[in-house]
Amino acid sequence: MAVSEADVRRVALLARLEVTDEEARSLTEHFGKILEHFHRLQELELSGVDPFSLEGPGTPWRVDEAKPWDGRDEILSEAPRREGDFFVVPRIVEEE
Amino acid sequence: MELWQLPAWKIAEEVRRGNLSASQAVESHIRRMESLEPSINAIITPMPEEARKRALAIDEALSKGADLPLAGVPVAVKDLLCTKGVRTTCGSRVLGEWKPPYSATVVRYLEESGAVVIGKANMDEFAMGSSTEQSAFGATSNPWDVSRVPGGSSGGSAAAVAAGYAPIALGSDTGGSIRQPAALCGVYGLKPTYGLVSRWGLIAYASSLDQVGPFSRDLADLALALEVISAYDPLDSTCVPGSRPRYRDALKAHDLKGQRIGFLKGYQDFDMDDEVKEKFALALRICQEGGAEMVEVSLPVSTGYGLPCYYIVAPAEASSNLARYDGVQYGLSEEGKSILELYLKTRGKGFGNEVKRRILVGTYVLSSGYYDAYYLVAQKVRRLIADEFTAAFSAVDALITPTSPTLAFKKGEKLDDPIQMYMSDLFTLPVNLAGLPAISMNVGYSKAGLPVGVQIVAPRWGETEILKVASVLTDAVGSPKVAMGGEG
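Going down the list, the protein sequences come from chains A and B.
Under our numbering, the first sequence has 151 at position 93, and the numbering climbs by one with no breaks.
Under our numbering, the second sequence has 102 at position 119, and the numbering climbs by one with no breaks.
Rather than coming from a laboratory, the hints here were simulated on the basis of the structure.
Just to be clear, a hint being listed does not mean it is correct.
The calculated EDC-like cross-link candidates involving lysine to aspartate or glutamate, where the alpha carbons are at most 20 Å apart (straight line), are [stated by the list, open to error]:
hint, chain 1, residue 1, chain 2, residue 2
1, B, K332, A, D122
2, B, K328, B, D309
3, B, K332, A, E76
4, B, K328, A, D79
5, B, K394, B, E80
6, B, K332, A, D79
7, B, K332, A, E80
8, A, K125, B, D219
9, B, K363, A, E81
10, B, K363, A, D108
11, B, K328, A, E80
12, B, K332, A, E81
13, B, K320, A, E141
14, B, K363, A, E113
15, B, K260, B, E279
16, B, K328, A, E76
17, B, K363, A, E101
Quick caveat: nothing in here was measured; it's all calculated off a predicted structure.
With the hints as extra help, turn the sequences into a complete structure.
Below you can see the structure in the form of structure tokens.
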């Protein structure tokens, strides 16, 4: 299946990735080859096959409860932009 | 004999007896690391000062009677395992100078056992790659021939152990990322059963496949490291509760009488280097002479379709896991007039080529209209692969395959052809898809002096079985040698 540069740019936007013109060209080429490789899976008879899930000893349920974390300042200190205890981002809600 | 040539168990024994200080052991390895790093580049962040301080603390604790199974043992950890207060990069620019506020459970377990982290090992960005060339911090060289790759993605960990920076290192394995570099660098590398080892503090790539595991040049060291890191951890909800065996006991096996070992039917016809085939045939003979009944098995779906199945499932999970790198809470952050612009620029600048490729593939196969055609199909093929292994293990106790179809290849050779690069993991990928444990171990060297590995696979929770077979093979071929870090 042919993949166009426009397809790649559409998916890149969905994935929140800025790509340069050169990257878009090379990604389009590789993307096409990779998808072609995937089509081999159509050779297999898959009707009635359940999708994979891991069997065997399971992991236990646990109570969903908040526990104190004493490294709050260390986490906040890694913020690229911070005001007090808040992460700063560009304006999200437009003014009326 | 230099201290950096010793196995970990020997260092720990001498340190516990007081014949050697942890500081002496650590110093010797730091010097070894510093002398070879200019040509190998196995370490992103060396930690000599932190290591010296830890070593002093261990000597102090021992003088007060502490019981430490890895007393004074230097270790390298792949740079996707969080280390409190020490930069953790995942081989990427997107994390910037991020310093985690906690250490990964496996790092904590090592440290509590007396091990000393000497550096954060190089890796393909976000563990995506088979050559450690896709690191934002430059490629790692194979210590057996510096013009060649060490394999990947845990290439820094494998090279560090092969070259004698540390007798033990930790890596992670999503599709072969421990076993393939172990083979190409000529060391042991074990990918545990999915659910055996805690992943708390492991930076996620593909959560249904990722496992942490050890590298070593000595089989007893590998078993010892596995005992330390595999203890149950309630912080990882996929870590299965319960006690683990004393893995070192498996190494008492010196024959394979009563064991049935499977090997791939028609393996001679696979596209492989001749010297890989020769050493694989040698491994089969050793198992047979050791008393094992050798059984031909057929795994047509795993070998024929494992690769496309993996390259749908893993990127799909990665596209979701890597959505968190958005430039808001930590790491790299570019300026943007809107939040969308901030995301696009931060991620566009922060991620390298292979990571972008996989995020795009993953986003595509999960996107509206394509989910059924790709992701759902891949999950069904994954079911067939898991069932195929289950059926094989009804007839055999373990399987043996080559680890990598090729010897260590030249740097740059496969960088422009993703599919060729992906082929490196043909024999290792299906094991992750089925959640099984497997080891790669060295069985000899090519005429040009490059290591050759074989892979041993067992049913889930079969680490003991794997170590038995590895023990018998090691009796015959000897333990791996230390690489000297020169030209081939």
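So, going through the hints one by one against the coordinates:
1. B/K332 with A/D122: violated (37 Å)
2. B/K328 with B/D309: Within the cut-off at roughly 9 Å; holds.
3. B/K332 with A/E76: Distance of about 8 Å is within 20 Å: holds.
4. B/K328 with A/D79: Cα-Cα ~14 Å, so holds.
5. B/K394 with B/E80: violated (28 Å)
6. B/K332 with A/D79: Measuring from Cα to Cα gives roughly 14 Å; hence the hint holds.
7. B/K332 with A/E80: Since the Cα atoms of B/K332 and A/E80 sit roughly 14 Å apart, the hinted pair holds (cutoff 20 Å).
8. A/K125 with B/D219: holds (15 Å)
9. B/K363 with A/E81: violated (33 Å)
10. B/K363 with A/D108: This hinted pair holds, its Cα atoms lying about 6 Å apart.
11. B/K328 with A/E80: holds (16 Å)
12. B/K332 with A/E81: The given pair, whose Cα atoms are some 12 Å apart, holds under the 20 Å limit.
13. B/K320 with A/E141: holds (18 Å)
14. B/K363 with A/E113: Roughly 15 Å separates the two Cα atoms, so the pair holds.
15. B/K260 with B/E279: Answer holds: B/K260 to B/E279 is near 16 Å, not above 20 Å.
16. B/K328 with A/E76: Cα-Cα ~6 Å, so holds.
17. B/K363 with A/E101: holds (13 Å)
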